[in-house]
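K.L.:
Protein chains in written order, with the numbering used here: chain E, -16 to 289; chain Y, -16 to 289; chain R, -16 to 289.
These aren't lab readings, by the way, just hints derived from the structure by calculation.
Heads up, some of the hints might be wrong.
Note: identical chains are not told apart, hence a pair may lie in one copy or across any two.
Said to hold, decoys possible - With a straight-line Cα cutoff of 16 Å, these simulated EDC-like cross-link-like pairs (lysine to aspartate or glutamate) come out: (1) Lys133 - Asp3; (2) Lys289 - Asp162; (3) Lys212 - Glu69; (4) Lys17 - Asp83; (5) Lys(-15) - Glu171; (6) Lys(-13) - Glu103; (7) Lys(-15) - Glu1; (8) Lys(-5) - Glu69; (9) Lys(-15) - Glu0; (10) Lys(-5) - Glu114.
Residues per chain, in single letters:
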Amino acid sequence: MKFKGRDIISIKDLAREEIDYILETTRAMEPVAKSGSDILRGKMLATLFFEPSTRTRLSFESAMHKLGGSAIGFAEAEVASVKKGENLADTVRVVEKYADIIALRHPLEGAARLAAEFAEVPIINAGSGAEEHPTQALLDLYTIWNELGKIDGLNIALVGDLRYGRTVHSLAYALSLCDVKLHLVSPESLRMRREVLDTIKDRIKVTEKRTIEEILPRLDVLYITRIQKERFPDAAEYAKVRGSYQVDLNLLEKAKEDMIILHPLPRIDEIAAEVDNTSHARYFQQVWNGIVTRMTLLALILGAIK
Amino acid sequence: MKFKGRDIISIKDLAREEIDYILETTRAMEPVAKSGSDILRGKMLATLFFEPSTRTRLSFESAMHKLGGSAIGFAEAEVASVKKGENLADTVRVVEKYADIIALRHPLEGAARLAAEFAEVPIINAGSGAEEHPTQALLDLYTIWNELGKIDGLNIALVGDLRYGRTVHSLAYALSLCDVKLHLVSPESLRMRREVLDTIKDRIKVTEKRTIEEILPRLDVLYITRIQKERFPDAAEYAKVRGSYQVDLNLLEKAKEDMIILHPLPRIDEIAAEVDNTSHARYFQQVWNGIVTRMTLLALILGAIK
Amino acid sequence: MKFKGRDIISIKDLAREEIDYILETTRAMEPVAKSGSDILRGKMLATLFFEPSTRTRLSFESAMHKLGGSAIGFAEAEVASVKKGENLADTVRVVEKYADIIALRHPLEGAARLAAEFAEVPIINAGSGAEEHPTQALLDLYTIWNELGKIDGLNIALVGDLRYGRTVHSLAYALSLCDVKLHLVSPESLRMRREVLDTIKDRIKVTEKRTIEEILPRLDVLYITRIQKERFPDAAEYAKVRGSYQVDLNLLEKAKEDMIILHPLPRIDEIAAEVDNTSHARYFQQVWNGIVTRMTLLALILGAIK
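Given these sequences and hints, build the entire structure.
P.N.:
In C-alpha cells:
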C-alpha cells in the first residue's frame, strides 16, 4: 500500500483495502493525537481555502500541529492574487514552493483535480463544489467503524440534502465499497444525484425513502445533514424543505438502542439539543475523529509513517 | 489556590488573594517572556474572535508561542459556520476538539459564560459585549502594581467612556477589591453603569467628576479610555463627547511627578503624542504586560505552573 | 558588514557590497531552506499587511517557520484597531511588543519608513505604495545572479507597467548599482517614473523602447510585469494597454537560447502558458528564491547568522 506523495482528490481513487488501511492506521494514531508527536517537524501544510470553512481549516491545522508541523494559508473569501486575476494553476504552483502539502477547498467541482495536475506536492481535497469531500467521508467511515466495530452488514441511512451536500456524495461512494444496506431519505427535490445513485446501485442495495420513520427501527447509523441554504438556487425551495427532517427524543423512541447519529456539522435544527446527551449522539466525536483521520493522512502522504 | 482547568469569565470570579497571586506569578514570568520557554509545548490555544480585535488576538497568540505552544483560530467578522446558522454552544463544542484552551471574544454579553457552560476545555473571556474584559483588568492591575509597587492606598481615576467601555467595568470591579480611592470622570451621558457603581460603592470610596482637572493633583494613576464610536447608538451623541478629555503636557503640569498614565489602546486623540516621551506614559508598557499576564494565565490554567 | 538590528526599508539603503553579501549568503541558505533549521527558535515575526498580498505574506511566514521561528499577524483589508482610528505609529509600537521583527505592507508610500522611525524592533518593508518592494528586488537579483552566474555585463529588460509597479522601481535602483545595460519597455502612459529614471541614468546605460521585439535578441533577462489594474486611475486607460506585451513561443524564437524570463507574479496574460515548460521560464523559481532570500534577511537582521 503506497500513500507517500499521493493526492487525495476523490474517495473514488481509494480501493476498499486502502480505506481499511487508513481506518486501522487512524486507530493507531489515537494515542498520538492525545500526546502529540514530532514526526512532521519541519514540514509545512498550506491550507488554501477559496471558500470559507472554519472547521475544516482548523481541523487540518490542528492535525498538522499535533504532529509537530507548521501551517500557513488563507481563508479569505476574496484572495488577493485571485482578485488580481491569477488562475488556480498558477496559485498552486506558487504555494507549493511554500509548503510540503496543500489542503484545498474550492467552490468549483474539479478544482482539486486540476490543482493536483499542476502541483508537484501532494494535494488533499478539502471540499470542492457540491461533489467531493473525501477526508470527511474517511472520518465518517472511521467513526462508524470505531463506534460499532464494523461497517459490513450495517443498515445506514443518509438523510436530508442528498443533492447539494458534497459530504453525502463522498460517503455514499465509500459505503458502496462495503457490504451495507444504504437508505437514502430526502425530499423529492433533494434526491441523491443520478450519477451517484447509478454507481452505488450497481454495488450495494439502496432504497429511497421520504421519511425517517419508515426505516428508523432497522437502522444502525442515522447520518443526517444540514439543508444547505447556500447550495440552493431558489430561496422559496429552501423554505419548503427546511425542517423536513428533525431528530428528537420522540422520534428516537423507535430507534435501536445502539443506533448512532452522525452529522457533518454545522447543524441548524436537524437534531434537537435534547438528543446531545443521549447515547446515540456521535456528532461531536466525529469532530475529534476528523483530527485523527487527517493526522493519519498527513503522516502517510508525507511519508512519516507507512 | 487552584487555577488548573479553570475558566476566566469575569473578574468578579476572582478573589483578592487570587488576583494577588496572579500578579506575583506574572512578575516571575517576566524573564520567561524575554527568553522564551517550552512549558506549553504540544498545547493548542484556539482564538475565537467573533468580533475583530487584532491586538488582543495577537497578544494571546504571542503569549502562547512564547511558552512553546501553538495557536489556531479565526478573526473574521462573519465566520463561515456561524453564517451557516450554527449556535455558539455547537461552535464551542467543535472547537474544543481542536484545542486545549479557548480565548473567546464575542459582541454579546454573557457569551463567554454560555461558552464555558458547554465547553469541557477552559474558556478565557477575551471581551464580551460592553460588560467584561477580565484579562485586560488583570494586565492593568499588574501595570499599576509593578510600576508603583502597590495598589492599596492609591488614588486612581478612570476617565472617558465609562458606560460602553468593557475595560473600565472589569477594572473598576477589580479595584473595588483593593483599598483604593476611585475617581470616575466622564460626561453625563457616559457615566459608569448603575450596576457597576452600586457594587463598587459598597466596598470603596468612589467619587464622580466631570473634568480631569478637579482631581488631577491627587492622582497616582490616570486611566483614560477611548470614546468608542462603535458602542454609541447615536452618532450625534458621539460627536458631542468626543474629545471631551484630552491629556497633554499643559494638563500634566498639575500632575504628581510619579503619576502614571494608562490607556487600553487604541487611542484616538485622548492622549497627545507629546505625552508619549514623558515619564508618565505607561500605555505601551501595558501592551508588553498584557503578553506576560496572558502567559501567566495560560500556564496556570493549563497546569504547567502552579 | 552589519545587518543585525537593521531595517530594510528601501533598496537604496543598501550598498552594492551589501547586496552582493546578501546574494552570497542566500546561496549558502539554499540547503537550509530544504532541510529546515532552528536558528530562529523562540523568535517571532509579525506580518502587518494593511493591503492584501497572500503570496508575500506566506513567503515571509514560510521563511520564518523554516528557521524554527513563529509568525503572527493580520492580513485583513480593514484592521480592527485601524478602523477604530489608530495611527500607524501606535500600531507599530503595540505590535513590536508581540514580535522581534515586523514585515509591513502598506498602501501608502513612506509608511515603512515612518514605522521604522517609531519601532524599536527592525522593520522589513514588504511593499509600500507604488514605490518600494526591496525584498522582491533582492530575490529578483538573486535569481538573475544564481541562474546566470553574474549580474554585471548583462542586458536586462524591464517590461510592462513601469509607472505603478513598485517591483520594477526597486529592481531598477538595484540594477543601477551593477554594470548592466537596462532596457525599459512600456507604453507611453506607463513609462518609468521620472525620479527613478533620473537616478539610474546617472549610473548606467538606459534605453527606453515601446516594443519587446526591438530589443529581444540582445537580452539576457526579460523581466515582465503585470499591468496592475488596481493602480490605474482610469479603467479606459487600463483597457488600452492591457495585453500590449505578451510573451509566447512565437516571440521567443528571436530570443537568445539562455535568456531567462522573470515575472513577480501574479500574471494575467503577459506570459502564455506554453512558455512555462521552456528553458527560459524562471518565474516559479523566483517564488522559491523569495523564501530563501527572506530566510537570509530574517537570519541576518535577527543576528542568527553574520
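K.L.:
How would you classify Lys(-15) and Glu1 at a CA-CA limit of 16 Å: within, between, both, or neither?
P.N.:
Classified as within; 9 Å inside a copy, 48 Å across copies.
K.L.:
Using 16 Å as the alpha-carbon threshold, which applies to Lys(-5) and Glu69: within, between, both, or neither?
P.N.:
neither (30 Å within a copy, 30 Å between copies)
K.L.:
Up to 16 Å between alpha-carbons, please classify Lys(-13) paired with Glu103: within, between, both or neither.
P.N.:
Close inside one copy (13 Å), not across copies (36 Å); limit 16 Å.
K.L.:
From the Cα coordinates, with 16 Å as the cut-off, is the pair Lys212 and Glu69 best called within, between, both, or neither?
P.N.:
between (29 Å within a copy, 13 Å between copies)
K.L.:
If the cutoff is 16 Å on CA atoms, where do Lys17 and Asp83 land: within, between, both or neither? Let me know, please.
P.N.:
between (24 Å within a copy, 10 Å between copies)
K.L.:
Between copies, within a copy, both or neither: which fits Lys289 and Asp162 at Cα up to 16 Å?
P.N.:
neither (27 Å within a copy, 54 Å between copies)
K.L.:
Regarding Lys(-5) and Glu114, is the shortest C-alpha distance of 16 Å or less found within a copy, between copies, in both, or in neither?
P.N.:
within (12 Å within a copy, 50 Å between copies)
K.L.:
Reference check for the pair Lys(-15) and Glu0, CA-CA at most 16 Å: within, between, both, or neither?
P.N.:
Within one copy only: 11 Å inside a chain, 50 Å across chains, cut-off 16 Å.
K.L.:
Give the relationship of Lys(-15) and Glu171 under a CA distance limit of 16 Å: within one copy only, between copies only, both, or neither.
P.N.:
Neither, since 41 Å and 57 Å both go past 16 Å.
K.L.:
Regarding Lys133 and Asp3, is the shortest C-alpha distance of 16 Å or less found within a copy, between copies, in both, or in neither?
P.N.:
Classified as within; 11 Å inside a copy, 55 Å across copies.
The structure fails to meet hints 2, 5, 8 from the earlier list, while all remaining hints are met.
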